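Required output: the full structure, derived from the provided sequences and hints.
Line by line, the protein sequences give chains A and B.
Using my numbering, the first residue of the first sequence is number 1, and each one after it goes up by one.
Using my numbering, the first residue of the second sequence is number 1, and each one after it goes up by one.
Note that these hints are calculated values from the structure, not bench results.
Where hints are given, some of them may not hold.
[To be verified] Here are the simulated distance ranges between beta carbons:
id, chain 1, residue 1, chain 2, residue 2, range
1, B, Gly24, A, Arg10, 15 to 23 angstroms
2, A, Phe49, B, Gly24, 20 to 28 angstroms
3, B, Ala41, A, Thr210, 41 to 49 angstroms
4, A, Pro52, B, Ala37, 42 to 50 angstroms
5, A, Leu171, B, Gln50, 41 to 49 angstroms
[Unchecked claim] In silico EDC-like pairs for lysine to aspartate or glutamate, Cα to Cα no more than 16 angstroms straight-line:
id, chain 1, residue 1, chain 2, residue 2
6, A, Lys236, B, Glu44
7, A, Lys246, B, Asp32
8, A, Lys236, B, Asp32
9, A, Lys246, A, Asp158
Everything numeric in this text was worked out from a predicted model, so none of it was measured.
Every residue, glycine too, gets a C-beta built ideally from N, C-alpha and C.
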Amino acid sequence: MTIDTAPKQRWWSRIAHPGQFVAWTAPLLWPLVILTGALFVVGLYFAFFSSPEDYQMGDTVRIMYVHVPNAWLSQFVYGVMAVSALGTLVWRHPLADVSMKAAAPLGALFTALALFTGALWGRPTWGTFWEWDGRMTSTLILLFIYLGIIALWRAFDDQLRAARVVAVFTLVGAVNIPIIKFSVDWWSTLHQPASVFRADGPRMPGSILTPLFVMFFAFTLLFVTLQLKAMHTEIKRRRVMTLQRKAAQGAGT
Amino acid sequence: MIDLGPHAVFIVWAYVGVAIGVAGLIVWTMADARSTARRLAVLEARRSRQSSERVE
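Listed below in structure tokens is the structure:
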């Protein structure tokens, strides 16, 4: 009789192993691409051809269908990075480092697009592209935090050390997310308060909610697809760095 | 195309800007994936060639 003394890996440890992760998520990419593309086609059809103009804002309400999903992603991507940062600091998991690094440029772009579409919506609605109020200023700070995180990743050759520094910075920066969320309640602002996810239900009709939700899921799936692809690339980049280091060590001996 | 009213220019530029941004992000993600995969393939081919030479 033999006794199995090898430590047993839990199932989540197995699927979170970087090599295993690429193997089981790679077949998901094409279905995600097709689903995302289909949602964008349906969402854009609803946004332009099958939704009414707003009784006050007129056709400019159609900017909401790209502004709200980008604004949501600017905060959701940061949430993904903050959870990954915990994975880095608490469990020292390499996949958490990879997730954190892959998400930063995506979050930066979604934040920039939220600011861009917000400015273009603000001019005809409020009469100004920009106002230094709570919501807009805290979102601009979020963009600077993303850019700082991207710069930090690039400042370190040792990516393990970079991950720990970036994780701490990410968790400190996370304080900005509730500030963005509640800025419209705390301070006097041009920006409207929450009007979709409210305790008493959404404050807009179904004909406007439908394109908003379709575009919301289209953009969220776009992020999931790009995040997976970027994580695969980051895992390969780390393998490249390991092989280059081994080659350099071999050449030196 | 539907009539977008007096503020059409803001609506069109919002969608054009998002389209350019998203397209750029997709192209950058794919280009990064391809160049990294190519570098990895070259390094692994070199490594397997070196290990087979060592065996001989």
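Against the structure, the hints come out as follows:
Take B/Gly24 and A/Arg10: their Cβ atoms lie about 40 angstroms apart, and the range 15 to 23 angstroms is violated. A beta carbon spacing of about 26 angstroms between A/Phe49 and B/Gly24 agrees with the range 20 to 28 angstroms that was offered as a hint. For the hinted restraint 41 to 49 angstroms between B/Ala41 and A/Thr210, the CB-CB distance of approximately 46 angstroms keeps it satisfied. Range check, A/Pro52 to B/Ala37: about 47 angstroms between beta-carbon atoms, so the 42 to 50 angstroms window is met.
Our hint of 41 to 49 angstroms for A/Leu171 and B/Gln50 holds, since their Cβ atoms are close to 43 angstroms apart. The hinted pair formed by A/Lys236 and B/Glu44 meets the criterion: a straight-line CA distance of about 11 angstroms does not exceed 16 angstroms. Of the supplied pair hints, the one linking A/Lys246 and B/Asp32 is violated, its CA atoms being roughly 23 angstroms apart against a limit of 16 angstroms. Using a Cα cut-off of 16 angstroms, the hinted pair A/Lys236 and B/Asp32 holds, with the two alpha carbons roughly 11 angstroms apart.
Between A/Lys246 and A/Asp158 the CA atoms are separated by roughly 15 angstroms; this keeps the pair inside 16 angstroms, and the hint holds.
In this structure, the hints that do not hold are numbers 1, 7, in rising order.
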